[in-house]
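With the sequences and hints as input, model every part of the structure.
If you want the building blocks of each chain, they are given just below.
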Amino acid sequence: MAKLTRIRELKLDIPKEAKRLAEVMLTDLERSKRPVLEAVKTSLDNSFYNAKVGYLTPGDKMVRTELNVSSVQKLARVVFMLELLLNNLEVGSVNTKRELYYMCKGVIKGNARLKPLDFEDQDESNSVIDFIGDMLRVYREELNCFANDRGGQTYSQQLVVTETMPDGDKATVDLSTLGTAPYQPKNRPQSLKLKARKKIDFCLIVESEGTANTLQAMGFTKRNNCILMGAQGVPSNAVRGWAKLIEEELSVPMYFFGDLDAYTMQNIFRTLKAGSAASLIRNADFSAPQVRFLGVLPEDVKKYDLPHYKVKESDPVEARALKKAKDALENDPFFLDKKNKGLSDILRWLIKEKIRCEQQSFFSVDPKDKIKTEKIILEKIRGGHYV
Amino acid sequence: MTNKITKSSTAEYFAKNLQQVGFSSPLKAVLTTLKEAVDNSMDACEVAGILPEITVEVKRMGVGSSKNSELVKIVVEDNGPGIEPDDLAKVFGEYLASSKFGRGQCSRGQQGIGISAATTWAQLTNAKGAFVRTKTSSMRKAIEARVDVDIKSNTGVVRNKETVDWDKKTSGVRVEFVIDGRIQLNGDGGLITYMEGTVLVNPHLTLHYKLLDNDWIHVERVSNDSPDIPEATLPHPHTFKLGEFITHATLFGKTSLAQFLKTGFSRISDQSIKDFVAKGLPKALLTKPISALKEDDFKKVFLAVQNTELMSPSTKSVLTVGEESLSKSIQRLGEIDFFSVVARKPTICDFKPVSVEVALARFKNRNLEADEPVQLLRFANRVPLQFDKSGCAITWAIESVNWKNYALSQPKSSLPIGPYIFAVSVVSPFIKFKNASKETIDASEELVEEIRRALMQAGQKLSRHIKKEDREADLERKLSHIEQFGPILVESLVRITKSSDVRKKKAEDGLKKLLGRDSQVAVAELEVASARLSKLKAHQDKKLGTDIADEETESEVIETAVENSKAAKSKKPASTKKKK
Numbered sequence: 231m232a233k234l235t236r237i238r239e240l241k242l243d244i245p246k247e248a249k250r251l252a253e254v255m256l257t258d259l260e261r262s263k264r265p266v267l268e269a270v271k272t273s274l275d276n277s278f279y280n281a282k283v284g285y286l287t288p289g290d291k292m293v294r295t296e297l298n299v300s301s302v303q304k305l306a307r308v309v310f311m312l313e314l315l316l317n318n319l320e321v322g323s324v325n326t327k328r329e330l331y332y333m334c335k336g337v338i339k340g341n342a343r344l345k346p347l348d349f350e351d352q353d354e355s356n357s358v359i360d361f362i363g364d365m366l367r368v369y370r371e372e373l374n375c376f377a378n379d380r381g382g383q384t385y386s387q388q389l390v391v392t393e394t395m396p397d398g399d400k401a402t403v404d405l406s407t408l409g410t411a412p413y414q415p416k417n418r419p420q421s422l423k424l425k426a427r428k429k430i431d432f433c434l435i436v437e438s439e440g441t442a443n444t445l446q447a448m449g450f451t452k453r454n455n456c457i458l459m460g461a462q463g464v465p466s467n468a469v470r471g472w473a474k475l476i477e478e479e480l481s482v483p484m485y486f487f488g489d490l491d492a493y494t495m496q497n498i499f500r501t502l503k504a505g506s507a508a509s510l511i512r513n514a515d516f517s518a519p520q521v522r523f524l525g526v527l528p529e530d531v532k533k534y535d536l537p538h539y540k541v542k543e544s545d546p547v548e549a550r551a552l553k554k555a556k557d558a559l560e561n562d563p564f565f566l567d568k569k570n571k572g573l574s575d576i577l578r579w580l581i582k583e584k585i586r587c588e589q590q591s592f593f594s595v596d597p598k599d600k601i602k603t604e605k606i607i608l609e610k611i612r613g614g615h616y617v
Numbered sequence: 082m083t084n085k086i087t088k089s090s091t092a093e094y095f096a097k098n099l100q101q102v103g104f105s106s107p108l109k110a111v112l113t114t115l116k117e118a119v120d121n122s123m124d125a126c127e128v129a130g131i132l133p134e135i136t137v138e139v140k141r142m143g144v145g146s147s148k149n150s151e152l153v154k155i156v157v158e159d160n161g162p163g164i165e166p167d168d169l170a171k172v173f174g175e176y177l178a179s180s181k182f183g184r185g186q187c188s189r190g191q192q193g194i195g196i197s198a199a200t201t202w203a204q205l206t207n208a209k210g211a212f213v214r215t216k217t218s219s220m221r222k223a224i225e226a227r228v229d230v231d232i233k234s235n236t237g238v239v240r241n242k243e244t245v246d247w248d249k250k251t252s253g254v255r256v257e258f259v260i261d262g263r264i265q266l267n268g269d270g271g272l273i274t275y276m277e278g279t280v281l282v283n284p285h286l287t288l289h290y291k292l293l294d295n296d297w298i299h300v301e302r303v304s305n306d307s308p309d310i311p312e313a314t315l316p317h318p319h320t321f322k323l324g325e326f327i328t329h330a331t332l333f334g335k336t337s338l339a340q341f342l343k344t345g346f347s348r349i350s351d352q353s354i355k356d357f358v359a360k361g362l363p364k365a366l367l368t369k370p371i372s373a374l375k376e377d378d379f380k381k382v383f384l385a386v387q388n389t390e391l392m393s394p395s396t397k398s399v400l401t402v403g404e405e406s407l408s409k410s411i412q413r414l415g416e417i418d419f420f421s422v423v424a425r426k427p428t429i430c431d432f433k434p435v436s437v438e439v440a441l442a443r444f445k446n447r448n449l450e451a452d453e454p455v456q457l458l459r460f461a462n463r464v465p466l467q468f469d470k471s472g473c474a475i476t477w478a479i480e481s482v483n484w485k486n487y488a489l490s491q492p493k494s495s496l497p498i499g500p501y502i503f504a505v506s507v508v509s510p511f512i513k514f515k516n517a518s519k520e521t522i523d524a525s526e527e528l529v530e531e532i533r534r535a536l537m538q539a540g541q542k543l544s545r546h547i548k549k550e551d552r553e554a555d556l557e558r559k560l561s562h563i564e565q566f567g568p569i570l571v572e573s574l575v576r577i578t579k580s581s582d583v584r585k586k587k588a589e590d591g592l593k594k595l596l597g598r599d600s601q602v603a604v605a606e607l608e609v610a611s612a613r614l615s616k617l618k619a620h621q622d623k624k625l626g627t628d629i630a631d632e633e634t635e636s637e638v639i640e641t642a643v644e645n646s647k648a649a650k651s652k653k654p655a656s657t658k659k660k661k
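Protein sequence lines, in the order shown, are assigned to chains A and B. Numbering follows this note's numbering, with no gaps: position 78 of the first sequence is 308. Numbering follows this note's numbering, with no gaps: position 391 of the second sequence is 472.
By construction, these hints were calculated from the structure, which means they are not laboratory data. All of these numbers come straight from a predicted model, not from anything done at the bench. Ideal Cβ positions, reconstructed from N, Cα and C, are used throughout, including at glycine. Any given hint might turn out to be false.
To be verified - With a cut-off of at most 25 Å between alpha-carbon atoms, the simulated DMTMM-like pairs for lysine to aspartate or glutamate come out as follows:
hint: 1; chain 1: B; residue 1: K593; chain 2: A; residue 2: E320
hint: 2; chain 1: A; residue 1: K605; chain 2: A; residue 2: D535
hint: 3; chain 1: B; residue 1: K585; chain 2: A; residue 2: E320
hint: 4; chain 1: A; residue 1: K263; chain 2: B; residue 2: E572
hint: 5; chain 1: B; residue 1: K586; chain 2: A; residue 2: D243
What the hints assert, rightly or not - Partial list, computed: chain B residues near chain A (C-beta under 8 Å):
hint: 6; residue: V144
hint: 7; residue: H562
hint: 8; residue: I563
hint: 9; residue: I569
hint: 10; residue: L574
hint: 11; residue: V575
hint: 12; residue: T578
hint: 13; residue: R584
hint: 14; residue: A588
hint: 15; residue: G591
hint: 16; residue: L592
hint: 17; residue: K594
hint: 18; residue: L596
hint: 19; residue: K616
hint: 20; residue: L617
hint: 21; residue: K618
Written out as structure tokens, the structure reads:
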């Protein structure tokens, strides 16, 4: 099987490092010493943010698992999964987390002694895979474990993408030749090179892929020298890596257009701009620090008289997002940073007003004008009405 | 045209409002009738100092006269002192004709409504009142008669009076009601639940019962002491509201105010009267007869009394079942895994003497579900309360305890979960119910707190049993973990590192050593839990007077176990930690 494209320049040789760890564990056992595995603690209390760096980075807290009667199950599972992943790396095959879950089941089915290892649901096997990644400080993709490349449909009349294939061949995609079809970025943005046929003025990332498609259909990319992308909710690794690549290679202003609510601000925009606490070890390659929040802004609600809703505190999702927002203002280094005061002000406003306003509400401003939303977006970019 | 204003009799009022006294549904009608008859039998036996032996039979007789009901026959027979034939009409056919009304005693019945209401119900639904047979020790033969209620005049009417032989009894009463109702055996409002509850809080009761086509059940008494019903006590003035105070006073007619205060209440002395004057009671009123006082005067007196500190009422008037009897009694409900019993000393809540007793138990083979709320048995003055548990002080108290501390799972502010029976008994000469049908105890803050304390004490004892079980399970789990996961871990490591069998063997030995240390810790913890439990058991046995264990030896066992556990732990701290 062909060798896979590297995600990044990784100095670590994963199979070698895994073998070294196994060797240490085995030697410890031979000496009746408790083997210990350590992984980066991926949580908010171990996250640091520096506006100059632009994304969340890990501190030096570690999760330490020492062998004892309670942890022996976890360690056995980690080593079992590690063996499976090493085998994948050796033969060059890839899998999703769900596929790995079922592969484990298959192996266990064939060997009655392994029965106690069996995972009851995918969450259990996922956490083992994540632990291995955090332990080796490698991306899951580097363990040949890929996620579905959800979201990121991209339109542009100026952008040309050159992809280096696993076998070294190159493929060039001129987005202007795709007709109405979008370009769909894969989860290996580092194998791509970007070129602009003409100066690109900005890149717009829209939370709703549906709305991005509407803008495109109504001629947004024809009238503007731009890149238009749909995020489809919480950005996947593909979307995050792709946005990072555009920012780095083309140095164009980046804007995010989405709902005005606590969930979008914390889970979608923050992740796109600075990564997340869960992905501390990969934020460097999967965040676009220059992206700005174009809206919906609190001032837009009044200015355009946008329809909005009271947050339903009975709705567990919305109530949780609001509670999380309060928490974020106290503990999230991203929102605590002075440089992001504009963004934390929005969170404070949301907590105080307890309302939410959706991106699509701009379509209420002048229903007769089919491109009113486009006009407002451009007006906001020109006028500097973003955070 | 003018409407004529009519005055209705007490009987007329209750006949129209039977739902207020426990006859609001066919289901409740059966239970209430049975309850009233049994209560009367028990109270009569206790007053006469007779150990009660009661026989109950409930049968289906066919279809009832009202919609969705069946015709039900309820028979209750006792070995009590019997009722004088001349009193039959009063007891079964007249409302508020009680020997206990307002007396401040811990008797089951209080007002004299219950059994007359049952007669009324029988009469309304089946056109016949109560069939009674009675014999006192001075009678050679028994008297049998039917008693109806003359609703218009609130008097009982005795019909078909006959003399019959009843040789097997020296004294006793047998009462039979045929009523419209519906029979439910299990669950909160079930007859079996009622029978078991009655058995639990009356260790001195021998009970025989047959419900529908089930077999006869015979439950023998476990105590030969008939409870000493404490002397009646006078009410404490601080428990009164103004209106009650005035009503209470008018019973005293021409008595002087000072005399009324001293004799109508407890805890009022000559010194208290002086204190009342200091708090604003006009001295001139003291010598006036009650009948001469105006409403305004009453208010002044009342306020002065309320504002003066008085001694708390005596707790002597409260009756308790006792831990010993309760412990024996609970074993009559079935084979027990373990139980915990607490009888609090009588105390004062809201100026009323109260005693709270709690029994928590887990039974073998009782079909209680592990994931359902515990089965709750509530008692007020030793009578099971079976409806409307959500508003009851007992339920509130249970829900306010954090049962997780005692190793029971509990959804937020709810009853805990598990195959347990929680029995809580509140006894007081002045128990405050939410309604006349006595289904729920009014929840005052002080009462809830007192019940809560009893529950927490019982919870602590219970948790020793549960914790020991948990430790056992924990040890088992840990040992099986080692057996299951150890070899897998070593084999995987050997495969990844492509190591030899020699290394494999060596690593396996090392692993066994390590995990052996851990299981030693678990064994030691189990020892501590077991030792604590046996101490508790020894303590309980000592209290119950059986198998007196040497407590010193027990505490030595615990100390040794704790030492062992510490030693095992200190060998190696073993845990999954987060470090900075």
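T578/B was flagged as interface toward chain A. Is the shortest Cβ-Cβ separation under 8 Å? holds, 5 Å
Status of the V144/B interface restraint (C-beta, 8 Å, chain A): violated, 49 Å
Does A588/B pass the interface hint, meaning its C-beta sits closer than 8 Å to a C-beta of chain A? holds, 4 Å
Let's test the interface hint: is any C-beta of chain A closer than 8 Å to that of K594/B? holds, 5 Å
Closer than 8 Å between Cβ atoms is the bar; does H562/B clear it against chain A? Give me holds or violated. Hint holds; H562/B Cβ to chain A Cβ min 5 Å, cut 8 Å.
Can we keep the G591/B interface hint, with Cβ of chain A closer than 8 Å? It holds, given that the least Cβ distance between G591/B and chain A is near 4 Å, below 8 Å.
Was the hint right that R584/B lines chain A, CB cutoff 8 Å? Cβ of R584/B sits 6 Å from chain A, so the hint holds.
Tell me if I569/B is really an interface residue toward chain A, meaning its C-beta lies closer than 8 Å to one of theirs. Holds - the Cβ of I569/B comes within 8 Å of chain A, reaching about 5 Å at its closest.
Please verify whether K586/B and D243/A have alpha carbons no more than 25 Å apart. Outside the cut-off at roughly 29 Å; violated.
With a cut-off of 8 Å on the beta carbons, see whether L596/B makes it to chain A. Hint on L596/B: holds, closest Cβ of chain A at ~6 Å, below 8 Å.
Holds or violated: are the alpha carbons of K585/B and E320/A at most 25 Å from each other? Answer holds: K585/B to E320/A is near 24 Å, not above 25 Å.
Have a go at the K616/B hint: is there a Cβ in chain A nearer than 8 Å to its own Cβ? violated, 28 Å
Hints 1, 5, 6, 19, 20 and 21 from the earlier list are contradicted by this structure; the remaining hints agree with it.
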